[in-house]
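Visitor: What follows is the residue order along each chain.
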Amino acid sequence: MLALAPLLVPLVTALVTALAASRPRTQRVLSFAGSLAFLAAAALLLERVNTGETLRIAFGAWPIEHGIGFAIDRLGGLMVFVTALMGFATLLYAESDVDAPRRAPYLAPLVHGLLAGVAASFATADLFNLYVWFELMLVCAAGLLVLGGRLRQLDGALKYLALNLLGTLLLLVGVAMVYGLTGRLAFDELRSASEHVAAAPLSAVLGLLVLALLLKSGAFPLFSWLPAAYPTLPAPLLALFAGLLTKVGAYAILRLVADVVPRAPTLYDGAFATALGWIAAATMLAGVLGAAYHWDLRRILAFHIVSQIGYILLAIALGSTAGASAAIFYTVHHIVVKANLFLVAGLVASATGSYDLRRSGGVLAARPWLAALFAVPALSLVGIPPFSGFWAKWLVLRESLALGRYAWAAVALLVSALTLYSVAKIWLEAFWKPLPAHVEANSAATPTEQRPALAACALLGLVTLSISFAPQALVEFADAAALALRGGGQQ
Amino acid sequence: MGAASNELHRPSTGSRAFAALVCLAAWVVFALLLVELARRPFPWQFSRAWAPSLGLEFALRVDGLSALMLLLITGVGACVFTYAAGYLAHDPRRTRILAQLSLFLVAMVGCVSADNVLLLFLCWEATSLLSFLLVGTNYQDEDARKSAQQALFITGVGGLFLLAGLLLLAQLGGSHSLAVLLARGPELVSEPLFPYAFAALVIGCMTKSAQFPFHFWLPNAMAAPTPVSAYLHSATMVKLGVYLLARLHVGFGAWPGWALTLVPIGALTATWAMVLALRERDLKRILARSTVGALGTLFMLIGLPGEGAALATVAFLLAHALYKAPLFFVAGNVDHAVGTRIIDRLGGLRHALPFSAAAALLAGVSMAGVPLSFGYLAKDAIKAAKSGSDTLPWLLTVAQSNRVVAALSVAVAAVAAVRVFWKHPGVNEHCDAREGGAAMVLPPLALACAGIVFGLFPGLIEPLLVQAAGAMLPGGAGAQLTLGQGGSEVLAAATLALALGALAYFAWDPLHRLLERRLFDDRFALAGLYRAGLDGLPRLAAFCTRAVQHGRLPEYVALILALAIAPIAAAVWCADGVDLGPLPAPELAHAGAAALIAAGALSACFVTSRLLLLLASGLVGYGSAVLFLFSGAPDLAFTQFVVESVFVVVVASSLLAMRRVTHLRSVVEPRVRPLAAVLSLAFGAAIAALVLWVAAQPFDAATSEYFKSAALPQAHGRNVVNVVIVDFRGLDTLGESAVVLFSFLAALPLLQALRGARGRNAA
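Line by line, the protein sequences give chains B and U.
Numbers in my numbering are just positions in the first sequence, counted from 1, shifted up by 189.
Numbers in my numbering are just positions in the second sequence, counted from 1, shifted up by 4.
Worth double-checking, as some hints may not be accurate.
[To be verified] Here are the simulated EDC-like cross-link-like pairs (lysine to aspartate or glutamate), alpha carbons at most 16 angstroms apart as the crow flies: (1) B/614 - B/485; (2) U/712 - U/731; (3) U/150 - U/539; (4) B/614 - U/731; (5) U/387 - U/439; (6) U/427 - U/539; (7) B/622 - U/731; (8) B/622 - B/545; (9) U/712 - B/485; (10) B/614 - U/648; (11) B/614 - B/545; (12) B/622 - U/147; (13) B/614 - U/513; (14) B/622 - U/513; (15) U/387 - U/493; (16) U/427 - U/493.
[Unchecked claim] Each pair of labels, with its calculated beta carbon distance range: (17) B/484 - U/533: 19 to 29 angstroms; (18) U/709 - B/672: 29 to 39 angstroms; (19) U/346 - B/647: 41 to 51 angstroms.
Since the hints were derived computationally from the structure, they do not count as laboratory data.
As the structure is a prediction and not an experimental result, all values here were calculated from the model.
Don't be surprised by glycine CBs; every beta carbon is placed ideally from N, CA and C.
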């Protein structure tokens, strides 16, 4: 039954919070209770999968090859846990008055629905079922994007919806074609069935599937929906989106190419990995250049999501077990760091009154502790040792060099330098530079209740610090998770 | 700088206690190091597992070279802390600066004693970061921010080169231990990738040690308070590049590319920096330029082959720290007392600042290489290194540039020690200038005296230097090295340098004017290029980002469609042949549904009202629902109807809201765009071809057979599709139901917002 928790707990929470929409206090209690229950269940799950066990459940007790099953292995368990953690941090932060989403009655249900979609994507072992959860995520995300209904939001939401629906459509076509070729949808069945399929049509279908997932993960040149829509969100939701959504796409690519169809015959086998690697490199560069261009804190960080997704895709493109392990480590590190950066950005903006760095300043002098909260995820994002981002980059770089992918490693290093540039820009402009004279001090607008926001930032900061100073545990876990992927054993 | 402006600030008890504690701790560490040096033979080793999967180990290894660096770091560090406590006594930032300096000391200690390459890199980056924070101490000032940013970028990018080099080296050598890698040096140098690893490492070291063409960041880093400049940007951090190359010398020094790379870089840096020193008016910047000169000399010495060169490297390393740090301290004292560091406005300060004058004189003597000072012994060792028998002739020629450097060093020493204190005052008398107290006088005196004492009694330091040099040489060579071997020849060279230096000193002002007019650093150095790059980067970023993120939705969609064709086209291209099989005739209902879809799609192309457009696209959705209906999937059709409806409502309300604000009434694009038409047709053709292609493949019907066979006996349902939906694949249906529910929840706030907006408009 524990395998069901990733779907059931947030979904039930979403339903009860929706029913309690007219009673804000009850809804809050229910929402937090659900979030904590999810976190507890995810922790239990993590403990179970850490023994090497794969938690399986077949719905309706139908034979797994014909019904739908959840199968939570190390990779899935880890991702579910991080999802639960992000959900908790988001809800905690939303309790403060910092860049609070308008007290919308449907905020909590939509957030929990989103979490259900994300977590179920990590848990499912069925290709069509994965598509269903993508759809659930899309709908909830769209709902959260239009919360408040301001014009700027609607423009972003429209782009988000239009482009992601297109991606979902391509995904659906791909899933249907996979079924048409193999007659199977369950991952375990696809693994063997895909080996006996004609290579040419399968290549076309897999290419289409991966393309759809690349769109979902925000890869070059398909990421335009992300910087268009994300910066319109309030800080806590932005953190949730930034942390989780694109990573589901990256996870699905990893699951697909490394676990489900790693041994499928394809026409352009080496070319496929090479193409993915170059897409990853372009994603890194395009993202970091976008970050270098922008002055709005949220836009800078949104483009950093894109560039960091590039690193994860690069690790996947390497195709080895160590590459998969690097991708897993990178993903976990990045979810925590990226969400935290957006949360801190919300605090910075509330301190200065603006997300625009040109109208911002003096944060270090006014709130030195905010600098500490910013420094941990920021240094980690840049990849300064010993912060978690450095270990993540080190794993990716080491494996690229080991496999002779020197050009990709060079791009990764170049992107690191540009990341340093844009993060230094944030520090110089928001923290060091005195508040510009023409910007009036924003003391009146300072939110009254900041403690939950600070607690959420501190919580995620502590998670990053523990990964930073004791990386061995996560590396070992990621190694084991990568080794358990069926495709990994070969390399 | 800031010290003078904050005269009124009185340090709190806590601040004073912290300062005292930090100074005491530094001196205790220094004393403990001295005791250990006397007691324990090298190498000292310590290791602890940290993250073995990453190759990270907390492994320390201290040999003679590391010990010399440790001595400098803790000894000069203790002096700097003491000095800073006095210099910043009335500065509210004293606690912060001292804390950062303490962290910096720890990072430096880690850097020079690390044996694990990752640990080394970790500490290396930490020093860069702390340097950034310390240079930006006056962060309210834009220049300070710019200088800090520059120091961060140059050393940060260099750090990435270092990382690449270390990573490659670790990969080639199969170990993360420096000692192991260096022991395998002779094999590693024959690897085809070694030159790249070496180049990356050298670039990393060049940025850290401010070698040409990266030298420009160091003078700008003088925006930091003087104690910081003395410590980071003269005595210790900028020597890290030198240290690392010296460390690598034992493994790779014999590789032909070694000398070929390092000697020209070092010689060029040293000469150019000393010439540029003549252009400066600010005492600290003059000293910074001459520091770059010394670092260049050190690079050159490391590059020169032979045992003598190793000894010269470590001797000059020590000598430089012992004379440059006190000169910085003195510059700080002058600044503190007079309020300026511009040499034109300084002079005759020997009465006002007698102890500083004495310290400056002693340090200057060593810097100029006057006999009986330690600087002279270093000069002697350099001379011996250059005349090594196995030196290539062209290297010798390059190394001769050192004569110019030596002469100009004399001139700089004279400016810092003589001109400021003995020359007649230039512009104003500084009758109110006073010494700043013992904490600001004793450290420069102590270090400057050490420079003289070691000159008089070289035996005190010679064993350590020989061991440090030995650590640079393979196979325990160099044990018989001694200081002070050169005879009259060295004396003659030193005298010549002194004479030339004196000439340069007396001609300082004319030379300065000449250089100021004739030489433009920006054009010759990368400083201008750096600035151009810094300005150009946002432009490049803007260009790229606007090209990719242009904000036009139709083009985004077109791009996605075009890319979706790609994998299909590629597969068709690569396949031997595409057999689509016999095409079956479509059923009437299917054809009708397809016609509905086509009608919706086509009318979408020709309708201009946005709302009608939306409805037309809704027709497409309903058409597909009809298709489901007649394919035996009524439940699916139902879901499709609902989702389509909700979608239409959500988007329609978005459009209405936008219309209210922007007054966009209709689509203004041309009705038929040829490119879009071609793209759409191509996309449709590609997907249709894929569907037919897949349908032509043999189908494994095990699952559908199972559904048919199990539907009635096990699931008790006669309609197989319904059983599939509600039972076999009930979870999908649960998910889709959730989608419908959340679509509703998503649409609700929008509709409410719209109603609210309408209400406001009405009111």
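Visitor: Confirm or reject each hint.
Guide: Each hint tested on the structure:
1. B/614 - B/485: Holds, at about 11 angstroms.
2. U/712 - U/731: Answer holds: residue 712 of chain U to residue 731 of chain U is near 13 angstroms, not above 16 angstroms.
3. U/150 - U/539: Between residue 150 of chain U and residue 539 of chain U the Cα gap is close to 13 angstroms, so the pair holds against 16 angstroms.
4. B/614 - U/731: violated (56 angstroms)
5. U/387 - U/439: violated (39 angstroms)
6. U/427 - U/539: violated (43 angstroms)
7. B/622 - U/731: Distance ~63 angstroms between residue 622 of chain B and residue 731 of chain U Cα, so the pair is violated.
8. B/622 - B/545: With a Cα-Cα distance of about 13 angstroms, the restraint between residue 622 of chain B and residue 545 of chain B holds, given a limit of 16 angstroms.
9. U/712 - B/485: violated (58 angstroms)
10. B/614 - U/648: Violated - the C-alpha atoms of residue 648 of chain U and residue 614 of chain B are around 45 angstroms apart, more than 16 angstroms.
11. B/614 - B/545: holds (12 angstroms)
12. B/622 - U/147: With Cα atoms ~11 angstroms apart, residue 622 of chain B and residue 147 of chain U stay inside 16 angstroms; holds.
13. B/614 - U/513: Violated - the C-alpha atoms of residue 513 of chain U and residue 614 of chain B are around 40 angstroms apart, more than 16 angstroms.
14. B/622 - U/513: violated (38 angstroms)
15. U/387 - U/493: holds (9 angstroms)
16. U/427 - U/493: violated (32 angstroms)
17. B/484 - U/533: 19 to 29 angstroms: Cβ of residue 484 of chain B to Cβ of residue 533 of chain U: about 25 angstroms, so the range 19 to 29 angstroms holds.
18. U/709 - B/672: 29 to 39 angstroms: holds (36 angstroms)
19. U/346 - B/647: 41 to 51 angstroms: holds (48 angstroms)
Of the numbered hints listed earlier, those contradicted by the structure are 4, 5, 6, 7, 9, 10, 13, 14 and 16.
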